[in-house]
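Chains as they are written, first to last, in our numbering: chain F, 1 to 96; chain W, 101 to 196; chain A, 201 to 296; chain G, 301 to 396; chain E, 401 to 496; chain P, 501 to 596; chain D, 601 to 696.
Away from chain P, derived, C-beta distances all over 10 Å, residues of chain D:
| hint | residue |
| --- | --- |
| 1 | K603 |
| 2 | E616 |
| 3 | V646 |
| 4 | D657 |
| 5 | D659 |
| 6 | F660 |
| 7 | E661 |
| 8 | R662 |
| 9 | K664 |
| 10 | D665 |
| 11 | L666 |
| 12 | I667 |
| 13 | D669 |
| 14 | A673 |
| 15 | S684 |
Below, computed lysine-lysine pairings styled on PhoX-like, alpha-carbon distance capped at 20 Å:
| hint | chain 1 | residue 1 | chain 2 | residue 2 |
| --- | --- | --- | --- | --- |
| 16 | F | K64 | F | K28 |
| 17 | W | K191 | F | K91 |
| 18 | A | K291 | G | K391 |
| 19 | A | K228 | W | K103 |
| 20 | D | K603 | E | K428 |
| 21 | A | K291 | W | K191 |
| 22 | D | K603 | D | K664 |
| 23 | D | K691 | P | K591 |
| 24 | G | K328 | A | K203 |
| 25 | P | K591 | G | K391 |
| 26 | E | K491 | D | K691 |
| 27 | D | K664 | D | K628 |
| 28 | P | K528 | G | K303 |
Simulated DEER-style distance windows between Cβ atoms:
| hint | chain 1 | residue 1 | chain 2 | residue 2 | range |
| --- | --- | --- | --- | --- | --- |
| 29 | A | K228 | E | P456 | 47 to 53 Å |
| 30 | D | A673 | F | M70 | 46 to 52 Å |
| 31 | D | R662 | F | D65 | 55 to 61 Å |
| 32 | E | P456 | F | P14 | 26 to 32 Å |
| 33 | P | D565 | D | A673 | 29 to 35 Å |
In case anyone wonders, no lab produced these hints; they're calculated from the structure. Cβ atoms here follow ideal geometry from the backbone N, Cα and C, with glycine treated the same way.
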Amino acid sequence: MAKIRRLVLDVMKPMEPDTTELARSLAKLEGVDGVNIVLVEVDRDVENVKVTVEGPDLDFERIKDLIEDMGGAIHSIDEVVAGSRIVEEVKTPQDD
Amino acid sequence: MAKIRRLVLDVMKPMEPDTTELARSLAKLEGVDGVNIVLVEVDRDVENVKVTVEGPDLDFERIKDLIEDMGGAIHSIDEVVAGSRIVEEVKTPQDD
Amino acid sequence: MAKIRRLVLDVMKPMEPDTTELARSLAKLEGVDGVNIVLVEVDRDVENVKVTVEGPDLDFERIKDLIEDMGGAIHSIDEVVAGSRIVEEVKTPQDD
Amino acid sequence: MAKIRRLVLDVMKPMEPDTTELARSLAKLEGVDGVNIVLVEVDRDVENVKVTVEGPDLDFERIKDLIEDMGGAIHSIDEVVAGSRIVEEVKTPQDD
Amino acid sequence: MAKIRRLVLDVMKPMEPDTTELARSLAKLEGVDGVNIVLVEVDRDVENVKVTVEGPDLDFERIKDLIEDMGGAIHSIDEVVAGSRIVEEVKTPQDD
Amino acid sequence: MAKIRRLVLDVMKPMEPDTTELARSLAKLEGVDGVNIVLVEVDRDVENVKVTVEGPDLDFERIKDLIEDMGGAIHSIDEVVAGSRIVEEVKTPQDD
Amino acid sequence: MAKIRRLVLDVMKPMEPDTTELARSLAKLEGVDGVNIVLVEVDRDVENVKVTVEGPDLDFERIKDLIEDMGGAIHSIDEVVAGSRIVEEVKTPQDD
Numbered sequence: 001m002a003k004i005r006r007l008v009l010d011v012m013k014p015m016e017p018d019t020t021e022l023a024r025s026l027a028k029l030e031g032v033d034g035v036n037i038v039l040v041e042v043d044r045d046v047e048n049v050k051v052t053v054e055g056p057d058l059d060f061e062r063i064k065d066l067i068e069d070m071g072g073a074i075h076s077i078d079e080v081v082a083g084s085r086i087v088e089e090v091k092t093p094q095d096d
Numbered sequence: 101m102a103k104i105r106r107l108v109l110d111v112m113k114p115m116e117p118d119t120t121e122l123a124r125s126l127a128k129l130e131g132v133d134g135v136n137i138v139l140v141e142v143d144r145d146v147e148n149v150k151v152t153v154e155g156p157d158l159d160f161e162r163i164k165d166l167i168e169d170m171g172g173a174i175h176s177i178d179e180v181v182a183g184s185r186i187v188e189e190v191k192t193p194q195d196d
Numbered sequence: 201m202a203k204i205r206r207l208v209l210d211v212m213k214p215m216e217p218d219t220t221e222l223a224r225s226l227a228k229l230e231g232v233d234g235v236n237i238v239l240v241e242v243d244r245d246v247e248n249v250k251v252t253v254e255g256p257d258l259d260f261e262r263i264k265d266l267i268e269d270m271g272g273a274i275h276s277i278d279e280v281v282a283g284s285r286i287v288e289e290v291k292t293p294q295d296d
Numbered sequence: 301m302a303k304i305r306r307l308v309l310d311v312m313k314p315m316e317p318d319t320t321e322l323a324r325s326l327a328k329l330e331g332v333d334g335v336n337i338v339l340v341e342v343d344r345d346v347e348n349v350k351v352t353v354e355g356p357d358l359d360f361e362r363i364k365d366l367i368e369d370m371g372g373a374i375h376s377i378d379e380v381v382a383g384s385r386i387v388e389e390v391k392t393p394q395d396d
Numbered sequence: 401m402a403k404i405r406r407l408v409l410d411v412m413k414p415m416e417p418d419t420t421e422l423a424r425s426l427a428k429l430e431g432v433d434g435v436n437i438v439l440v441e442v443d444r445d446v447e448n449v450k451v452t453v454e455g456p457d458l459d460f461e462r463i464k465d466l467i468e469d470m471g472g473a474i475h476s477i478d479e480v481v482a483g484s485r486i487v488e489e490v491k492t493p494q495d496d
Numbered sequence: 501m502a503k504i505r506r507l508v509l510d511v512m513k514p515m516e517p518d519t520t521e522l523a524r525s526l527a528k529l530e531g532v533d534g535v536n537i538v539l540v541e542v543d544r545d546v547e548n549v550k551v552t553v554e555g556p557d558l559d560f561e562r563i564k565d566l567i568e569d570m571g572g573a574i575h576s577i578d579e580v581v582a583g584s585r586i587v588e589e590v591k592t593p594q595d596d
Numbered sequence: 601m602a603k604i605r606r607l608v609l610d611v612m613k614p615m616e617p618d619t620t621e622l623a624r625s626l627a628k629l630e631g632v633d634g635v636n637i638v639l640v641e642v643d644r645d646v647e648n649v650k651v652t653v654e655g656p657d658l659d660f661e662r663i664k665d666l667i668e669d670m671g672g673a674i675h676s677i678d679e680v681v682a683g684s685r686i687v688e689e690v691k692t693p694q695d696d
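For reference, chain F alone in the conformation it holds in the complex (with noise of 0.2 Å):
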């Protein structure tokens, strides 16, 4: 199968461990280059945040996986990049 190059997760996670944690527990996978996690919204005490992984081969299961064992949940797959190479998404006149 090809290899996924970049997903961009929307996900919803406990205030604990923080974003830190998880970021450094997801960049630790194989596969994996680099993790970013931006704060989106806080609404007591859950947090959503926008995880956006790059690496050369990531396994999404896994990814799935240690988001839920540290108390998050992914809420929707907002970018899949697969295949050799990483493509961009490209704006159209549709998406005005």
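The hints should help you fit chains W, A, G, E, P and D onto chain F, whose structure is shown.
Same frame as chain F, but now just chains W, A, G, E, P and D:
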């Protein structure tokens, strides 16, 4: 015939298989370098996604068949690029 | 005469043949490097598309003929670039 | 005198000859590298276009004469750049 | 554990010591390349600032301690990046 | 004294001489690499233009004198850059 | 202590001396590469300007003294960057 270098497709698909599987399947097709799928909208058990495919020689019919085999349907061809190199859309005052 | 390097055309065309075929046909013309077609609007059985053509020596009449042979019509020439290199449109305070 | 490197002209012209012919004629003038013409507005049998001309040594009077010979008129000089290199307009808080 | 490469922190701090001193102190910590502090809002004797820290191996706890030692408090972790390289946040249609 | 590298001037000038002549005259001054003049507004027989001048060693007084000799007046100095290299304006949250 | 690489200061100053003189004086200070001053607002005989200073080793106190010697006052430190390289502010969803 000149080769297709990029396709941007507006696709309606069932929630399963998810976009990671669709992206990996499309990326495996001959002539495809990479596939980018972003989530546009979720409507109960159907999701509207934008699929950007790039490569040296894209076969539109095979891409269409594969999307349909996985339960999806192409709603529109939002962009197509053909020729010896990728030419980007150029904005003009007429677009405003 | 100086050569045409880029044309951006506002085109009305029937749904069939689709834009992948129009793009591949235009890209096969002599002096054309590449063709980008984006969908602007669909109106029952006609679609409004923006066609960007780039190459070292574009022949406007042949491009026009081919579009018409495939059932389309050029509504306007939104941009034309001629000369020894591509010069981009420059924005000035008068455009606001 | 220092040389003119770029001119951006607001031009009113008749529908014929079309902008491809105007662009090719202007691009043939000595000291011109390239010409970009975008359509701004169409008003019955007259069209308002923006003409961007770049080159090592532009002759404004000859460009003006040629536009007038082809039935057009320069409405305003929206930008002019002179000197040993092209200097771009710099945005400052005063422009907002 | 994978290394933290960037932290973007929303910080509330007293007017003194000023942001030049906070920036210089943070920049002296091991594993820090550079620190950027922008002023977001001033509210009588407290100022809200955004602190961007980048480096090969950021120690979040030590950064947190130093900010608190200088009278400040981290209001939220707006972005964290971990792994072998900096991965930027990717915008998707879900952000609009 | 440190050298001036860029000046952005808000200038009111009579319609004649036109901006091509003003640009060529300014570009001939010693220490000037290039001049960019954009039209901001026309008010009967006066036009408001923005003049961007760049070079290794700009002489503000001589630039001011030349503008005045050609019938113009500097309304404001919108940007000045001095030193061993050009430093660009940096946007911060305070600008919004 | 780590070195300051960039300062963005919101400054109120008298109309004279003008910003060209302030820029040249600041640019002459040791450790300064360049200075950019943009005009934000004029209020009768006082003008609000944004001063961006960059260099390998900025001395905030000396910069502050010089601005005050020339009749000005620092209203706020809008950005400060310290460390071994310039780190830019990073936008996150929290800024919107």
